[in-house]
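> Read top to bottom, the protein sequences are chains A and B. Heads up, the first sequence is in our numbering, so the first residue is 2 and it goes up one at a time. Heads up, the second sequence is in our numbering, so the first residue is 2 and it goes up one at a time.
Be careful, since some hints might not be right.
One copy or any two copies: either way a pair holds, since identical chains are not told apart in the list.
What the hints assert, rightly or not - Mimicking SDA-like on lysine to any residue, the simulated pairs with C-alpha atoms at most 20 Å apart in a straight line are:
hint : residue 1 : residue 2
1    : 162       : 182
2    : 136       : 162
3    : 162       : 199
4    : 162       : 184
5    : 73        : 118
6    : 162       : 186
7    : 162       : 183
8    : 162       : 142
9    : 162       : 189
10   : 54        : 89
11   : 125       : 40
12   : 136       : 179
13   : 74        : 199
14   : 162       : 135
15   : 136       : 177
16   : 162       : 204
Rather than coming from a laboratory, the hints here were simulated on the basis of the structure.
Protein chains: 2
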Amino acid sequence: MTDASPFRTAEQKEAERAAKRDAVLSAAARMFNERGFANTSLDDVAAQLGVSKRTIYHYYPTKDRVLLECLKKGLGQLLDAADEARSREGSGRDRLAYFLCRYAVITMDDFGRCVIRTGVEQLKSESMPEYREMKRGIDAAMGEFLHEAVKDGSVACENEKLAVFAMAGALNWPARWHDPDGALSKEEIAGQLVEFLMQGLSPRT
Amino acid sequence: MTDASPFRTAEQKEAERAAKRDAVLSAAARMFNERGFANTSLDDVAAQLGVSKRTIYHYYPTKDRVLLECLKKGLGQLLDAADEARSREGSGRDRLAYFLCRYAVITMDDFGRCVIRTGVEQLKSESMPEYREMKRGIDAAMGEFLHEAVKDGSVACENEKLAVFAMAGALNWPARWHDPDGALSKEEIAGQLVEFLMQGLSPRT
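Working from the sequences, and respecting the hints, build out all of it.
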């Protein structure tokens, strides 16, 4: 513990700036998710945060840039989840199930939800390459976990590419309909979704 | 066969008007799907069809109205598929699988794709009730087919409500990524998706 000083250190100032940037992005992501990207202006975001437009523009010059940063946050969380899954013991199926559960939970959070809800078609073309590379990493991770699980025999799958799309589709869906005040928690929904993907609908005889 | 006459009958005129309305809606749905609703104007649709703006406005006064009609076309096709499924013989599972396959194929077509790709948040509030009622009918149909299949024991499912969302999510996904020029036909993709939902990923022992 250091004594409190009225003068902030360089570290404190940087931490404060980071906190402000995060607050801008969080507010923007929530507004994009709730009313749609096209229906949200940076002025709206400023009003929501109770700050001036100039404050927002100081951190992010354009709405496109704000969206890109929101998407990068969400995609970054998903890539972190893939790294966590890779480092886990157990069967390929265990790692796949872990990643799918984390994926579902993250895409019910603000930034992950933004990745799913705000179509990439909203992004300006200069922001595309950065987005696409991260997005590709996540699609590749899902395919990789599935493939490893098929290889070690802990999972059976005829068409892996199509299964990846189907899993992503099933898991992305809560980003559109999940009610944060609903009866089930994000983790419960994620768990049940993954169980559904693992078991399918056929009765086990 | 009647002799050709330079004077069109009332039926011919009505058929011609219907064909023109359909052409407007088809062109609009394709443009909404390709470049996004916000990025498409009725002027763009007119240009695409090689007609004047006034022609478009003669049929549809607003872009919202065009979207609503596109959505109603897609939703109508899905409701028809539910009716077809209901009239089929076989187990609950057979009817469920039939409906899911048709659902997937329709949502890869122009109007069905518009239902999935152009979020309901784009619709003006006065158009909502009509949209919502049709949409509810489709969600209800999927739930009904699943429930009947669970009841006759041809399908096993722990949480039917969540399974409906997961199935819809998995089946809606091709509306976003399906390439009409890809190796698999719509029907093949639909068949494999439904097989995946029925079997899940667990190896059968």
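> Determine for every hint whether it applies to the structure shown.
Results for each hint:
| no. | hint | result |
| --- | --- | --- |
| 1 | 162 / 182 | between (34 Å within a copy, 17 Å between copies) |
| 2 | 136 / 162 | within (16 Å within a copy, 29 Å between copies) |
| 3 | 162 / 199 | both (16 Å within a copy, 17 Å between copies) |
| 4 | 162 / 184 | between (33 Å within a copy, 13 Å between copies) |
| 5 | 73 / 118 | within (14 Å within a copy, 22 Å between copies) |
| 6 | 162 / 186 | between (30 Å within a copy, 15 Å between copies) |
| 7 | 162 / 183 | between (33 Å within a copy, 13 Å between copies) |
| 8 | 162 / 142 | within (12 Å within a copy, 28 Å between copies) |
| 9 | 162 / 189 | between (27 Å within a copy, 14 Å between copies) |
| 10 | 54 / 89 | neither (45 Å within a copy, 60 Å between copies) |
| 11 | 125 / 40 | both (16 Å within a copy, 12 Å between copies) |
| 12 | 136 / 179 | between (22 Å within a copy, 17 Å between copies) |
| 13 | 74 / 199 | neither (29 Å within a copy, 35 Å between copies) |
| 14 | 162 / 135 | within (18 Å within a copy, 32 Å between copies) |
| 15 | 136 / 177 | both (19 Å within a copy, 15 Å between copies) |
| 16 | 162 / 204 | between (25 Å within a copy, 18 Å between copies) |
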